[in-house]
Amino acid sequence: MKTVEPAHTAAPGRAQAASSAPPAKPSRRPRGNRDLLHGLLMSAPAVGGLIAFVGIPFGYAVVLSFYNVRLGSPLEPAFFGVEHYRRLFTDPDLSGPFLRALLNNLTFAAVVVPLQTGLALALAILLNRKLKAIGLFRSFFFMPVVFPMALVAVIWRLILARSEQGMLNSALDVVSFGNWGAFDWLGDGLTAMGSIIVLSVWQGVGFQMVILLAGLQQIPGELYEASQLDRASRWQQFRHVTLPSIRGTLVFVAMLTSVLSFRVFDQVYILIRGGGLDEDATRTVMYQAVTTAFDQNNIGQASAVTVVFFLIVVALTIVQRRVVRPDNED
Amino acid sequence: MAMTRTPVRRVLDYAVLSVLAFVFALPALYLFLGSLKPSDEVLNGLSGFLPTRLSFDNYAAVLDSLNSDSTGYFWQFMGVSVLLSFVVVTGGLIVNSMAAYGLTRLKWRGRNAVFTLVLLLMLIPFESVAVPLFYMYNGQRNTLYIQALPFVANAFAIYQFHTFFKKIPPSIEEAARLDGAGPWRTFFAIIVPMSRPVFASVAILTFLIQWGSFLWPVLMVSDPSVRPLPLEMSVFQGQQPPDWGQILAFGVLLVLPVLVVFAFFQRWFVQGVASSAVKG
Numbered sequence: 000m001k002t003v004e005p006a007h008t009a010a011p012g013r014a015q016a017a018s019s020a021p022p023a024k025p026s027r028r029p030r031g032n033r034d035l036l037h038g039l040l041m042s043a044p045a046v047g048g049l050i051a052f053v054g055i056p057f058g059y060a061v062v063l064s065f066y067n068v069r070l071g072s073p074l075e076p077a078f079f080g081v082e083h084y085r086r087l088f089t090d091p092d093l094s095g096p097f098l099r100a101l102l103n104n105l106t107f108a109a110v111v112v113p114l115q116t117g118l119a120l121a122l123a124i125l126l127n128r129k130l131k132a133i134g135l136f137r138s139f140f141f142m143p144v145v146f147p148m149a150l151v152a153v154i155w156r157l158i159l160a161r162s163e164q165g166m167l168n169s170a171l172d173v174v175s176f177g178n179w180g181a182f183d184w185l186g187d188g189l190t191a192m193g194s195i196i197v198l199s200v201w202q203g204v205g206f207q208m209v210i211l212l213a214g215l216q217q218i219p220g221e222l223y224e225a226s227q228l229d230r231a232s233r234w235q236q237f238r239h240v241t242l243p244s245i246r247g248t249l250v251f252v253a254m255l256t257s258v259l260s261f262r263v264f265d266q267v268y269i270l271i272r273g274g275g276l277d278e279d280a281t282r283t284v285m286y287q288a289v290t291t292a293f294d295q296n297n298i299g300q301a302s303a304v305t306v307v308f309f310l311i312v313v314a315l316t317i318v319q320r321r322v323v324r325p326d327n328e329d
Numbered sequence: 000m001a002m003t004r005t006p007v008r009r010v011l012d013y014a015v016l017s018v019l020a021f022v023f024a025l026p027a028l029y030l031f032l033g034s035l036k037p038s039d040e041v042l043n044g045l046s047g048f049l050p051t052r053l054s055f056d057n058y059a060a061v062l063d064s065l066n067s068d069s070t071g072y073f074w075q076f077m078g079v080s081v082l083l084s085f086v087v088v089t090g091g092l093i094v095n096s097m098a099a100y101g102l103t104r105l106k107w108r109g110r111n112a113v114f115t116l117v118l119l120l121m122l123i124p125f126e127s128v129a130v131p132l133f134y135m136y137n138g139q140r141n142t143l144y145i146q147a148l149p150f151v152a153n154a155f156a157i158y159q160f161h162t163f164f165k166k167i168p169p170s171i172e173e174a175a176r177l178d179g180a181g182p183w184r185t186f187f188a189i190i191v192p193m194s195r196p197v198f199a200s201v202a203i204l205t206f207l208i209q210w211g212s213f214l215w216p217v218l219m220v221s222d223p224s225v226r227p228l229p230l231e232m233s234v235f236q237g238q239q240p241p242d243w244g245q246i247l248a249f250g251v252l253l254v255l256p257v258l259v260v261f262a263f264f265q266r267w268f269v270q271g272v273a274s275s276a277v278k279g
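Top line first, the protein sequences correspond to chains A and B. Following numbering that gives the first Met the number 0, the numbering of the first sequence begins with 0 at its first residue and continues without gaps. Following numbering that gives the first Met the number 0, the numbering of the second sequence begins with 0 at its first residue and continues without gaps.
For reference, chain B alone in the conformation it holds in the complex (with noise of 0.2 Å):
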């Protein structure tokens, strides 16, 4: 907002932004913190709330040997979650990016109505055919495949694809046609490097969405060895008695990746889930 702004509002706006984020960051400031206490410590009120000393011990034990039932180390449930994110995301950018391409640039008969197709698919969220997923595909659980499979196709992603591409000049391809290129050439080696903003929100909000998912897991995985970190995470803080200070660093290396993502991709995500909502 355009206005003239004295050196004491401007102490007020940064108190009261102080104030309320402050507020806002202490779910996550006990996060961190608890991680870096001994277990006891964790559940021990208000006056506990800041550690007495700190120590990586719980972060030694987690990715030493977790401290669970399910026989699993830390980095196998890593390595699960890192495989499954990886082919979502590439694969999804590859198969989803193509379709739009082909749906919204190349001129063919009957790509109104496949098109109209992948519109409507898109109101049906994934919970509503999770149970029927879950029957057909009952012989494949605890697959590694049969997790990433259902999510790499993605009708928002192609909606994101779409608004990118019909902005782009019908002169740049009609360029490359008239050097002889056809439409993949055309595809992979002008409009995907000038397209780099659509990849890469749709890229960052795939992985965002991938990484947390948890209903798909709970239908599909019980075996330890190919179960992605979220459901590790309601497994371990299942167990009784629970290891707080443990599951709190479990906890922390879950969101890290994520964090760091975020961190140093932050324009294009914001960019990515603002534009598709207030052009939507």
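Isolated chain A, as found in the complex (with noise of 0.2 Å):
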């Protein structure tokens, strides 16, 4: 985590105008805290905001979760203790669905994950050169980013339609020759999951490859030009100039794309609820959350979920902090 420098460090030309008095100890202290008013006041929306909408809500959910919470009952909230979270985990009607979407979303990201990162390198390699109108092209991969993930949704809901017509079934008819028929991609158990991330890709591969690109700019020139005398290899040159020189950034985007994967929603959402999605094979830990919250009106067991949500991307969070830090300081 970044500091802020130490407060000894700044205004060296008030000491002129102060004083005759030597740079003693005893001045700073006053002066350390010159600005306490306005510092608070220029703070105070904002941290204020966080506290009210993060802060607040988060000690709230950790409450919520140890309580029997419903939305709309008459009944007084009651002390649950653990009850949750046991239920979570070990009742057989709720533990199901909860476990699968962990899995689920440890599936997602097992494959999100390397996949995403691979591609998005892949992709800035090959941008990463200096031609005409390469800039148009860079847009070109990044434009799905700036698409809501409610209309990608819908979009690759047409092209993985189940009829013959369908874009991506009607596509695999022509290029067996007529042996693809109608293929239920959305709604069979094997293949929905499978949708839901490629659809995730396509929409957020542009981000890691812009970050990726960045990263790629930094490496000097002479860099290249010292292997090309050793006579290296282009994979030689990507194994032993690219890749060591962009560690840092591709663990970094690789460990964000973790914690975005996590945080799946829009897309399983919008498709289980009007794109005959298949629910069991993708609901994710975040949609577990929300159905309980809002369709149940189970808000004491949705707040055990976001929890445990939230002890998942803090882990991932502290994970990427250990692995890139050591790398930056360098």
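Hint data in this document are derived by calculation from the structure and do not stem from the laboratory. All C-beta atoms in this analysis are idealised placements derived from N, C-alpha and C, irrespective of residue type, glycine included. The reader is advised that the hints may include incorrect statements.
[Stated by the list, open to error] Derived coverage of chain B by chain A (criterion: at least 3 residues anywhere in the stretch with Cβ under 8 Å from a Cβ of chain A; other residues may be distant):
1) 20-26
2) 40-49
3) 184-190
4) 202-213
5) 229-235
Please dock the two separately framed chains into a single complex, following the hints provided.
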């Protein structure tokens, strides 16, 4: 984590204006606090907002997860201990969907992180050259990032439509000389998650690509010239110049992608609700939280799901900081 | 890469890039072409990919009155989305840059503690407070302000402003101070104008995220009159029988504002994304 530089590095100019006193320690204390009022006033709106809409609700989620709270229920909330957590992991009715959601999230992350990072790296390398109109190509690959997920889900719902007239089915039919009929990509338990992965990678890969491209552009050109003098092949250049130089960025991108992949919700929700997506094969942890809170009004249970979700994300973030940090400091 | 390139190589580069870009652009192309087709031709296999004739009938229908039972007009959804984005972006720029300045450049006891708090809150994704917020503000469902308010203060925006502000040389503020400017004037008259790049990239990133925002509206909005575009997109596409031509035209109109912003401010956007990541 970044820290603010210590206060004594600032304001050398003020020392002269202050008085003839030697730069003694006692005078530092009041000056170090000279902006107290302004500082508080300036940071109050944003910090207050963060406390009201992030800090307090988060603490509240932890509290709610220990209570039996239902929305619109006439009963007083009752203390429930760890019952919600016990049910999530061991109750036969509840743990089934929840553990499935955890497993789906893990599967999604396990496929998307290497796939998307690798694809982003390949694209970044392809696009890191001095060609005319290269900017246009970069924009092309970046474009899906600005598409709202609600729209991406609808486009792919049509591409993957189950009838013979679906774009993918129709294309496969042509390629296989008419041996491919209708196939329900979204509705089949085996391909549902794959479909979600493909559309998510399509939408998101440009983001990772841009980050990696910035990393590639910071590699000094002399490194490549030197390796060319050593008659290194392109593959050797990639292995021994490119990869080590962007290792830090690459790890950062991989970790960022893994955190993002646990937050998956929009596309799954939309396609399950209106697109015939197989629910069990694609439900995610956030999907569980929303359906538990919104459809079943079970706030306590949903809060417990949320807390578990948060613990996973924090674990990933801590790993990310640990892995990325030593690299950034050299 | 500083490699000598023969014309053959260059042609090859272009060929590979073009093919990839084409495959990548296919879904978007499908969206734009489909929005210009009659509805019954949208799901018409590979042979129907290219429309036989183009018409803007779908757009006319969507803009005129949406063919949906949601009893809403397109401009109403658009208005809600524009208003929410405007409040979240401008409000966010003001409060977050101010906070970053107060925490980065002003000297007061406790600022390190407050800044550490901001960094800790940055760890909490919105997803993990959505359920308690839904419970706490259930009485304010279907209002405009509860859709915008939770997103104005933003820890990551504060952090982005902080990384920019801390590189400003102290001599600039000292000069302002000697001229009698207090912290507020120094900030608004000197620091803000010289920080345009970070304002631009924070604004664009905030706008992009807010424009596509979906989870919070799902929980908080059931009334069509305050429904933002992405939520209406999901309602519209779920209706039976779906009118695909109109749905895709609606989709184009949904993505058009972000595409325009992206086309004009691409440089800031890419810079903001890349720098925050590479240095973060």
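Hint by hint, here is what the structure shows:
| no. | hint | verdict |
| --- | --- | --- |
| 1 | 20-26 | holds (count 4) |
| 2 | 40-49 | holds (count 8) |
| 3 | 184-190 | violated (count 1) |
| 4 | 202-213 | holds (count 4) |
| 5 | 229-235 | holds (count 4) |
Against the hints set out earlier in the document, a violation occurs for number 3 only.
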